[in-house]
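Engineer: Make a model of the complete structure from these sequences and hints.
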Amino acid sequence: MNVRVLLNSRLMAIVAVAGIAAVLPAFFPSAYYYRVAALVFVFALAAIGLNLLMGFAGQVSLGHAGFIGIGAYAVAVGPTHFGLPPWLSFVAGAALSAIVAFLVGRPILRLKGHYLAVATLGFGVLLSIVFTNEAKLTGGPDGMSVPHLVLFGWAARGSETWYWISAVSFMIGAALALNLLDSPAGRALRAIHDSEVAARMLGIDVARMKLTVFVISAVYASIAGSYLALFNGLITPEVSGFLRSIELVAMVVLGGMGSIMGSLVGSAILVVLPQALTFLHDYEHMALGLILMGVLIFLRGGVVPSVAAMFARRRP
Amino acid sequence: MAEFLQFAFSGLTVGAVYALVALGFTLIYNASDVVNFAQGEFVMIGGMTTVFLTLAGVPLPLAALIAVVAAVAVGLSLHRFAIEPARGASAVVLIMITIGASIFLRGAAQVVFDKRFHSLPPLFGNDPIRIGGASILPQSLVVLAGAVVIVVLLWVFIDRTLFGKAVIATAANRLAARLVGIDTRRMGSFSFAVSAAIGAIAGILVTPITLTSYEVGTLLALKGFAAAMLGGMGSAVGAVVGGIMLGLLEAFAAGYLSSQYKDAVAFLVILIVLFVMPHGLFGRAKIERV
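Protein sequences, first through last, are from chains G and F.
Residues in the first sequence are numbered from 1 upward in steps of one, following my numbering.
Residues in the second sequence are numbered from 317 upward in steps of one, following my numbering.
Hints were generated in silico from the structure; no laboratory data involved.
Every residue, glycine too, gets a C-beta built ideally from N, C-alpha and C.
Any given hint could turn out to be false.
[What the hints assert, rightly or not] Label-pair ranges, simulated between beta-carbon atoms: (1) PRO107/G to SER575/F: 23 to 33 Å; (2) MET310/G to GLN576/F: 29 to 39 Å; (3) VAL468/F to GLY113/G: 25 to 35 Å; (4) LEU376/F to GLY113/G: 56 to 66 Å; (5) LEU88/G to SER393/F: 49 to 59 Å; (6) SER451/F to GLY158/G: 39 to 49 Å.
Structural biologist: This is the structure:
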């Protein structure tokens with residue numbers, strides 16, 4: 001398959017998702033479904049960013065919820081304490097995430113494998129401790145309310161509105177990511193993923209590429225965090241916690257590392273599953289753990305790549 | 317001085333538990349390359365099983381023994397039914413599988429036990445021993461002694477027996493170990509069994525001091541992992557030193573700085589150590605073959 005066809009098939013995936021997103025609401029019996037679907041797209045956006053880092057640059061991060069936290073608290077703290085309009089706080093949050101990622105990324109990304117995992121984990125924990133304890137600014141463990149996003153006098157509120165905003169944002173985010181991957185930078189990234197030494201031999205500035213992707217992934221997470229806060233109207237430090245970071249990694253791994261559409265599938269699984277399993281009451285967590293293990297054992301490459309491989313095998 | 321001693325005692329007690337969890341991480345990692353995030357769940361199983369058996373009227377020593385056996389059974393099944401079938405999957409996938417297992421075990425504990433905090437009676441009563449103006453609970457000494465005994469036993473076993481040498485060989489080079497006739501899969505299940513036992517014992521010993529509940533495992537896994545990485549992944553000495561260091565750091569940070577930021581201080585130090593020594597305190601740099 002040559003590059004042009006591949007590119008087309010990738011763009012086709014976005015078109016397909018757009019089609020599904022447009023038709024899906026016809027089957028939604030209540031606003032609750034809009035809400036869950038919006039959350040799927042929001043988390044998928046964060047997962048795309050992390051996927052660029054994990055699936056393409058081959059660097060793990062167990063602290064990405066920290067950036068979700070920065071984005072989320074930006075749209076809460078900006079308007080409440082500094083009188084900034086929500087949209088400006090949103091942009092400021094993304095910029096702040098980029099700066100933090102740039103500053104932290106340089107020393108952290110020198111670490112490899114599990115050391116990188118524990119360093120990013122520590123970074124995420126540090127941020128969430130700050131959010132929990134700076135109660136004057138963040139409301140502490142109880143969190144704080146978030147004002148509505150107002151653009152040109154129109155306030156974004158309600159699950160339906162946020163469904164469309166998050167769906168469109170996901171499409172844009174996915175298209176940008178795919179575009180990045182088909183650029184020389186994307187090929188350099190994949191080279192790093194396969195072998196850092198070989199990539200360096202080819203003249204790729206490995207450290208810089210890793211840092212760039214880290215910053216990009218932080219911005220994706222920050223934007224997702226801002227959406228989450230604006231949509232919920234309330235945030236607590238839990239949004240930036242260790243478990244959220246793990247959840248994001250799980251989304252990427254479940255959907256398939258290196259598959260942008262996989263991030264959507266992974267997010268869909270982990271957002272919808274807990275809602276769908278509530279009927280099990282006390283057995284909910286057992287079921288969730290079992291499903292997570294089962295999928296990873298039997299589809300270890302992730303859902304989307306594994307299913308794609310099955311179809312490819314069946315074709316003559 | 318009294319204050320310093322007091323913080324040091326509490327740091328050592330907590331640090332001993334972290335050290336045991338980190339040791340479990342290291343054992344499993346060495347024998348099977350898996351970072352087992354369900355390690356904290358073994359501690360929970362040890363504590364909770366003992367609590368519920370004693371509540372049911374089983375004498376404490378027997379309850380503790382059954383709890384350790386239960387944890388070992390869980391460890392072995394984890395290896396047999398979750399890790400072995402996924403052999404060859406990438407490191408991140410394996411980590412996520414163990415996280416799935418820990419979610420499952422936590423959920424199971426919720427159902428089998430309950431969601432409340434529980435304690436056990438301390439072995440030698442509750443009267444604190446006074447040393448240099450500071451006081452230490454007898455149970456803290458039990459925890460420390462337990463940790464020392466476990467570390468020494470493990471060291472003797474690994475260093476002095478043929479089986480232990482096979483474990484070392486597996487850790488050093490799996491393929492070469494298999495070529496000289498070592499059943500590396502058995503080494504894997506052995507490491508899970510021993511780690512589970514160590515975790516469970518730690519859980520039983522520390523429950524009278526820190527209490528236990530179905531969800532104590534998450535935080536312990538996180539701290540144990542951090543301690544193991546601080547010491548240097550794969551180094552048993554590093555795991556013990558890392559665990560003790562982490563415990564002391566937290567205790568001193570909580571005592572002298574702020575209890576809210578104790579975890580922050582601990583992780584800040586870990587980050588700084590890793591920036592200076594990218595392979596932890598006792599870890600060796602992996603030579604990358606091209």
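Engineer: Evaluate each hint against the coordinates.
Structural biologist: Outcome of the hint check:
1. Evaluation of the 23 to 33 Å hint for PRO107/G and SER575/F yields a pass: the beta carbon distance comes to about 28 Å.
2. Checking the proposed 29 to 39 Å range against MET310/G and GLN576/F shows it is violated: the Cβ atoms sit about 51 Å from each other.
3. A beta carbon spacing of about 30 Å between VAL468/F and GLY113/G agrees with the range 25 to 35 Å that was offered as a hint.
4. A hinted range of 56 to 66 Å for the beta carbons of LEU376/F and GLY113/G is inconsistent with their spacing of about 42 Å.
5. A hinted range of 49 to 59 Å for the beta carbons of LEU88/G and SER393/F is consistent with their spacing of about 54 Å.
6. Our hint of 39 to 49 Å for SER451/F and GLY158/G is violated, since their Cβ atoms are close to 59 Å apart.
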